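Engineer: Each chain, letter by letter, is given below.
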Amino acid sequence: MVQYTHARLNASFAALSDATRRGVLEQIGRVDASISDLAEQFDMTLTGMKKHVGILEQAGLLTTEKVGRVRTCRLGPRRLEDETAWIERYRRLWDARFDELEKVVGTLKRKEKRNERKDRK
Amino acid sequence: MNARTASEPTPMKNRTTSERKSERELVVTRTINGPARIVFEAWTKPELFKQWWVPKSFGLTLLSCDMDVRPGGKYRLVFKHGGAEPMAFYGRYTDVTPPSRLVWTNEEGGEDGSVTTVTFEEQGDKTLVVLTELYPSKEALDAAIASGSTSGDMSETFEQLEELIATLQ
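Protein chains in written order, with the working numbering: chain A, 12 to 132; chain B, 117 to 285.
Where hints are given, some of them may not hold.
Calculated lysine-lysine pairs in the DSSO-like style (CA-CA distance at most 27 angstroms, straight line) [said to hold, decoys possible]: (1) A:K77 x B:K196; (2) B:K196 x A:K114; (3) B:K196 x A:K124; (4) A:K124 x B:K254; (5) B:K196 x A:K129; (6) A:K122 x B:K196; (7) B:K172 x A:K114; (8) B:K166 x A:K120; (9) B:K254 x A:K120.
Every beta carbon over 12 angstroms from chain A, so not counted as near; a handful from chain B, in silico [unchecked claim]: (10) E135; (11) K196; (12) N222; (13) D228; (14) Q239; (15) D241.
Rather than coming from a laboratory, the hints here were simulated on the basis of the structure.
Here the structure is a predicted model, which means the values were calculated and not measured.
Ideal Cβ positions, reconstructed from N, Cα and C, are used throughout, including at glycine.
Kindly generate the complete structure, drawing on both the sequences and the hints.
Structural biologist: Encoded structure:
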């Protein structure tokens with residue numbers, strides 16, 4: 012399980028080790044953009060931007076879709092940073108739930124003890 | 117009677133852990149102060165279950181709770197969140213083994229619904245609870261995660277990511 016997480020982390024971090032690629036993700040996190048839009052925004056050749064987009068796409072952080080002659084980029088399915096945040100939220104949900112469960116269990120335990128004492132009398 | 121006696125020290129903060137254990141599985145663990153028998157009871161008696169399943173901090177109201185806890189028995193929970201339409205969660209119990217194991221299906225998600233397995237393992241006067249949500253496919257779990265995270269604020273996420281990357285360099 013650790014290896015599984017590691018492989019995913021490696022692909023994502025390799026993709027994210029570059030400031031331009033992080034910028035691209037930030038940009039398409041706000042609004043979908045075509046590769047030529049991105050190339051222009053980041054002051055880069057189309058070929059250079061295509062390479063960055065390809066790396067992000069391989070890591071699953073970005074997906075592209077060709078509509079007509081324009082290839083549009085949007086955030087990909089594997090948003091690992093989101094997944095980590097989601098699992099933390101999921102943990103907090105269960106933490107709150109288990110805290111309440113523990114209170115209920117505590118009340119039942121005390122009730123049982125009281126009844127045991129009564130029985131002994 | 118004293119609410120807390122010497123044999124019942126102030127409970128340590130029992131940490132809840134969560135992990136995506138594989139492509140299809142989420143696992144949550146927690147140690148609860150109390151015997152498995154009582155933890156199981158609190159999980160399977162509706163009047164007790166209602167007291168803890170929806171903590172106030174969730175901002176949800178549990179409108180109804182029907183549980184027929186036996187193999188093949190159905191359950192149905194209906195929640196309300198603010199002014200939104202009520203949401204129903206339902207399925208059936210497939211394994212009910214007191215006080216150590218409980219398995220149920222989550223059918224509101226259709227074919228992509230998960231199967232939840234909870235095991236209760238007594239350790240001294242405590243019980244280790246391990247809850248596993250097994251999804252039918254990697255895609256189903258990815259979708260569950262994505263649907264719960266789309267409302268997130270990306271700027272905060274990126275800030276956290278930047279920090280994380282900084283520590284790795």
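Engineer: With reference to the structure, classify each hint as holding or not holding.
Structural biologist: Here is what the structure says about each hint:
{"no.": "1", "hint": "A:K77 x B:K196", "in the structure": "violated (41 angstroms)"}
{"no.": "2", "hint": "B:K196 x A:K114", "in the structure": "holds (24 angstroms)"}
{"no.": "3", "hint": "B:K196 x A:K124", "in the structure": "violated (37 angstroms)"}
{"no.": "4", "hint": "A:K124 x B:K254", "in the structure": "violated (47 angstroms)"}
{"no.": "5", "hint": "B:K196 x A:K129", "in the structure": "violated (42 angstroms)"}
{"no.": "6", "hint": "A:K122 x B:K196", "in the structure": "violated (32 angstroms)"}
{"no.": "7", "hint": "B:K172 x A:K114", "in the structure": "holds (14 angstroms)"}
{"no.": "8", "hint": "B:K166 x A:K120", "in the structure": "holds (18 angstroms)"}
{"no.": "9", "hint": "B:K254 x A:K120", "in the structure": "violated (41 angstroms)"}
{"no.": "10", "hint": "E135", "in the structure": "violated (7 angstroms)"}
{"no.": "11", "hint": "K196", "in the structure": "holds (17 angstroms)"}
{"no.": "12", "hint": "N222", "in the structure": "holds (14 angstroms)"}
{"no.": "13", "hint": "D228", "in the structure": "holds (14 angstroms)"}
{"no.": "14", "hint": "Q239", "in the structure": "holds (14 angstroms)"}
{"no.": "15", "hint": "D241", "in the structure": "violated (9 angstroms)"}
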